[in-house]
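Protein chains: 2
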Amino acid sequence: MVKSLPLAFALAVDAMGGDNSPDMVLDGLEIAAERHPQAKFLVVGDEARLVPLLAVRPRALKACTVRHAPDVVPGDMKPTLALRVRRSSMRLAIDSVAAGEAAGVVSAGNTGALMALAKIVVKTLPDINRPALAAIMPSARGDVVMLDLGANVACDARNLVEFAIMGDAFARAVLGLPQPSIGLLNVGSEDMKGDDRVRQAAEVLRESHIASGFHGFIEGHDITAGTVDVVVTDGFTGNVALKTGEGALKLMRDMLRQVFSSSLSAKMGYLLARPALERLREWMDPRRYNGAILLGLNGVVVKSHGGTDATGFAHAIDVAMDMVTHGFNDRIHEGLARLSMPQPDLTSART
Amino acid sequence: MVKSLPLAFALAVDAMGGDNSPDMVLDGLEIAAERHPQAKFLVVGDEARLVPLLAVRPRALKACTVRHAPDVVPGDMKPTLALRVRRSSMRLAIDSVAAGEAAGVVSAGNTGALMALAKIVVKTLPDINRPALAAIMPSARGDVVMLDLGANVACDARNLVEFAIMGDAFARAVLGLPQPSIGLLNVGSEDMKGDDRVRQAAEVLRESHIASGFHGFIEGHDITAGTVDVVVTDGFTGNVALKTGEGALKLMRDMLRQVFSSSLSAKMGYLLARPALERLREWMDPRRYNGAILLGLNGVVVKSHGGTDATGFAHAIDVAMDMVTHGFNDRIHEGLARLSMPQPDLTSART
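Top line first, the protein sequences correspond to chains A and B.
So the first sequence is numbered by my numbering: it starts at 3 and just counts up by one.
So the second sequence is numbered by my numbering: it starts at 3 and just counts up by one.
Hint data in this document are derived by calculation from the structure and do not stem from the laboratory.
Watch out, some of these pointers could steer you wrong.
The list treats identical chains as one, so a pair stands whether inside a single copy or across any two.
What the hints assert, rightly or not - With a Cα cut of at most 30 Å, we get these calculated DSS-like pairs of lysine-lysine:
1. 64 x 42
2. 80 x 195
3. 80 x 269
4. 125 x 195
5. 269 x 252
6. 125 x 252
Everything numeric in this text was worked out from a predicted model, so none of it was measured.
Work the whole structure out from these sequences, hints included.
Structural data, given as structure tokens:
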């Protein structure tokens with residue numbers, strides 16, 4: 003459960019993760035400090051580098067306390083090895099959550115390492131078998147939460163049900179929806195479709211306390227159509243679907259760029275339509291959706307894209323702050339307590 | 003194996019499948035008859051409806067022979083029930099392939115029923131455990147083949163290896179690539195990523211006769227980036243990825259439509275850029291990519307989208323004609339004969 007505020011720090015921030023750290027992280031904190039003037043941040047990393055960088059960022063300087071970490075978890079390090087690096091910036095940031103100093107942590111570093119460390123150090127909520135990675139993404143009808151995005155490549159029916167409960171709590175707390183609709187990703191919308199795993203999870207959800215919000219099976223195209231507020235799937239499918247959708251949008255953007263430079267009249271057309279196209283670009287800006295959330299832990303853990311910039315990193319901090327201030331984990335806890343579900347059936351695991 | 007041409011008919015066509023059948027199908031045949039002037043088609047369906055419709059389509063009339071089928075497989079009928087409808091247009095069209103009258107069949111009807119009927123009536127190639135559903139799709143670097151798109155929701159490593167071999171043969175025969183590159187869809191590109199199933203399949207492929215074309219693991223965004231020519235995955239993931247990508251493109255198209263009607267200057271911009279935008283629209287036209295292919299059978303079986311129009315249906319016929327004339331199944335057969343692989347390991351099935 004999230005410790006009752008005020009803690010010493012709202013969030014701990016891993017200053018050394020991501021492609022352009024620590025500069026990008028501190029620029030992000032400079033933005034975040036303005037947006038969250040009451041919040042205090044614990045910034046963890048190489049003190050000798052951080053102190054002079056903070057000195058020239060007045061808002062961040064005021065909001066941040068530096069904690070020295072001599073080591074860094076490299077982006078390509080295996081999670082099992084990362085667990086042994088006891089004095090990395092990522093580890094010490096996560097440690098501060100477990101120690102009750104900060105309510106959550108944000109890192110743009112190695113995803114696998116962050117998940118492994120968070121599970122072991124921060125630990126899962128009671129009744130949660132496996133944490134899940136969630137993100138908010140745009141759809142034709144507003145923001146959609148999707149999970150799992152890759153924390154669990156093999157999931158059984160019980161895991162999927164837990165993801166639905168966590169997604170429901172997340173949509174209530176962070177998106178502010180009074181009754182989120184929840185869909186289970188499948189190869190068709192009819193009840194008979196899919197494998198035992200998804201059919202069994204659907205049966206349990208139809209009998210659960212979130213039954214009134216359970217929409218049933220959805221298909222890939224329902225994600226961007228906004229058919230539901232919460233898309234539930236296993237980590238393998240979710241990871242592939244997320245990246246496939248991003249890839250399709252990138253293809254379209256690249257083709258449009260070619261189109262608008264293909265002739266003089268197309269270039270003029272671009273100039274005329276530019277203000278409207280810019281609004282579209284802002285709406286789809288991946289930085290607006292930066293910040294994947296590891297759900298199901300005794301604390302808020304948010305993963306920023308490694309390749310993001312200060313704007314994107316500041317958004318990841320926004321997501322974490324939202325979860326901290328809305329008592330998100332308490333809601334998950336309530337949701338699970340109300341769930342009556344048979345014991346985990348491991349025979350239907352998709353391994 | 004495809005029976006040596008000439009057979010009585012190049013293709014049998016299910017005239018009654020799809021949303022706007024039989025008119026849409028016959029309009030498609032009118033286009034196809036012009037493109038394939040040597041081909042004879044067996045058109046199966048309600049004779050009383052088909053004969054007058056053909057009478058007003060002169061090219062189709064010349065190329066087609068009508069065979070009466072009193073029944074139709076409804077779009078929502080379960081495959082197990084569809085197997086019992088012995089005189090449906092779909093069944094009689096497939097029967098003609100098994101009987102050696104036609105080299106292949108095209109239907110816009112019930113996908114599950116088509117797959118079930120094709121497996122039982124046309125039968126799988128020797129050494130193929132499970133047929134797969136494949137399609138061609140656009141990428142930044144040209145056309146890409148992806149399989150399985152939903153024929154098998156649970157796949158083991160052996161199935162994935164078979165899909166790779168079939169995809170390789172397909173890319174050689176239909177896309178005309180001398181050495182297609184093949185990628186296995188996963189949650190990351192590093193060797194350690196994913197589950198046992200994909201890691202085991204990758205190991206076998208690295209030692210196989212298509213090892214030189216095997217690119218290794220790819221991620222969702224690699225599909226539209228065109229990183230490889232052939233994308234191999236299980237039917238659950240492939241189905242979701244395909245529909246997610248389509249959904250993302252549809253979202254972008256809808257947003258662009260809004261953008262270009264949002265102001266007078268945006269409307270003028272659209273008019274100026276229109277010729278270039280039209281080329282993009284043609285390039286991405288889903289009708290150009292209509293026609294999913296059921297690979298691994300003793301005959302060519304192509305599924306058209308149910309909601310397509312005559313142009314799309316004609317394209318599905320093109321795909322089937324390509325496979326018939328390029329002796330595609332002979333190539334799969336050769337590929338499998340060269341494969342040395344351990345017996346199917348069912349412990350790694352993803353059920």
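Now the hints, each set against the structure:
1. 64 x 42: within (9 Å within a copy, 80 Å between copies)
2. 80 x 195: This pair counts as between: shortest inter-copy Cα distance 10 Å, intra-copy 37 Å.
3. 80 x 269: neither (47 Å within a copy, 52 Å between copies)
4. 125 x 195: Classified as between; 23 Å across copies, 35 Å inside a copy.
5. 269 x 252: both (20 Å within a copy, 24 Å between copies)
6. 125 x 252: neither (36 Å within a copy, 40 Å between copies)
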